[in-house]
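Asks: Listed in order, the protein sequences are those of chains A and B. Using the working numbering, you'd call the opening residue of the first sequence number 1 and step up by one each time. Using the working numbering, you'd call the opening residue of the second sequence number 1 and step up by one each time.
Among the clues, some could well be false.
Stated by the list, open to error - Partial pick of chain B residues on the chain A-facing surface, computed with a CB cut under 10 Å: (1) T17; (2) G88; (3) I100.
What the hints assert, rightly or not - Cβ pair distances, simulated, as ranges: (4) A:F17 to B:G238: 36 to 46 Å; (5) A:G30 to B:G238: 53 to 63 Å; (6) A:F17 to B:R249: 17 to 27 Å; (7) A:G40 to B:D172: 24 to 34 Å.
As the list claims (entries may be wrong) - Pairs of lysine-lysine, DSS-like flavour, derived with a Cα cap of 30 Å: (8) B:K90 to A:K21; (9) A:K304 to B:K90; (10) A:K7 to B:K258; (11) A:K141 to B:K258; (12) A:K110 to A:K141; (13) A:K110 to B:K168; (14) A:K7 to A:K304.
The hints are simulated quantities; they were obtained by calculation from the structure and are not laboratory data. Note that CB positions come from ideal geometry on N, CA and C, so glycine has one too.
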Amino acid sequence: MAALVIKDLHKTYRNGFAALKGIDLQVEQGDFFALLGPNGAGKSTAISIIASLTNKTTGRVEIYGHDLDRERDQAKRLIGLVPQEFNFNMWEPVVEILVNQAGYYGIPRKLAFQRAGEALQRLGLWEKRQTQARWLSGGMKRRLMIARALVHRPRLLILDEPTAGVDIEIRRSMWEFMREINRQGTTIILTTHYLEEAESLCRNIAIIDHGRIVEQTSMTRLLSQLHSELFLLNIAAPIERAPDLHDYRTTLVDSETLEVEVDREQSMNQLFGLLSAQGIEVVSMRNKQNRLEQMFVDLVDSAKEKRA
Amino acid sequence: MQNSWQIYRIAFQTIVTKEILRFMRIWVQTLLPPAITTTLYFIIFGRLIGDRIGEMDGYRYIDFIVPGLILMSVIQNSYANVVSSFFGTKLQHYIEELLIAPVPHWVVLGGYVVGGVARGTMVGILVTIISLFFTDLSINSYGLTLLVFVLTSVLFALAGFINAVYAKTFDDISIVPTFVLTPLTYLGGVFYSIELLPEFWQWLSLANPVLYMVNTFRFGILGISDIDVVVALVIILGFIAILTVYSLRLLSRGVGIKE
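Work out the full structure: start from the sequences and follow the hints.
Replies: Right under this line is the structure:
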């Protein structure tokens, strides 16, 4: 059974702006799914409709087979949402925010305190449980929203920019946490502007632009569509100009950094062989641009051309 | 697996508990001011001026105003609790915690209204205790007194809810209490019997719903009223029914809370 099925979802706001123009989407149970798109593409609107925060214009949403219109309670019990903006009572102690949320899902108060404690410990907020939410750091507030979304143990967790404004160390620990809950069976839908995050975590992906899905496929298949990749090579000894490497396009960024474009059909071994033959020793290498980012830009550009 | 009713019951209890904890946490802002204000009313209007006024409807002036002052504090606090709390919920977007959860609209409304009634009741009890320092309060009908107390509190909690749904700024939640609620309360027979007014103003006063509540409550305590108690109860219940239906309609349409 699919965790989420969306059929022909439309949303037109009162001012006439059509945010969603007939979206079809299916997310399988246990998936770690990326929903990406530029700002204003319709991601947050779609998420808000799934989470019942926005009324749809037309279309159908099913959560684990429960229609959001006809079996509202059953569908809602299965969803957890970590929204983009902080949306908790800043004046309430951290533990009460979680206990209240659990209560809204029918979890008795005693059990709610127990669940809240577990969630706070897992997310490193136990020491702050009696602190008013407004005194938490940005990273802690993000983790509080994750803890709150998990307190009723949802089967579908939607993370809308969960690591925005979070430092790299906390971001990495949050990634590990998300992987862990996904391994335990929770289906996750992630929207993020950190495409490295989506590439690293997600198995499947949909790209939305101007209210339409422009691509929905597996991450591996999407990345395999890349025609070429740009690599930056750090070399051991300085050189004065870019070497001639036959079919490989090279640019000298500075005397110790070489940029090389490698087509999908070309081999990395052959590249290193050519460099070695010219006495150039490579110390390290990295992608100039995140691969998903490159693909994302290509897809959005091509959608723009089609619209034009 | 829990059935929906068990979930609704716990959700309702959660909202009510949250609301009570909220106003108890800030008791200096929520419970203390009405106690101080009413004490001043008792001292100034009851003792200092009241002794010179003499009797009203056969009662000492201070005895006459006690029911109105108790009910006035119930009205103001039931209203204020719901309007400020629900507006805050919207403003900080944590209304989304409720919207995403399987909580039906009537549970949300019921939870906030009971929260408002809880504060109205607590303040009403405080004011009643304070009044005992100034008068010997004897109650004519406990049942009627309690009934009007609760119904009035429910009615104004509902009104506060509707105000909060429409409010977009802090001004919007203070305009109605300042320009509508306070005049209606002061002109609702708290401090005087409408028989003192010229005929036209008596007739106009009958359009003020607060008059019916104050008089019915006064009848419950003192056994005197300017109007028919049964008519008053029907009017109060009618208002509650209308405001309940209207509030639920606002919630189901998502006015002020959903795109």
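Asks: Taking the earlier hints as the rules, which of them does this structure contradict?
Replies: 9 and 13
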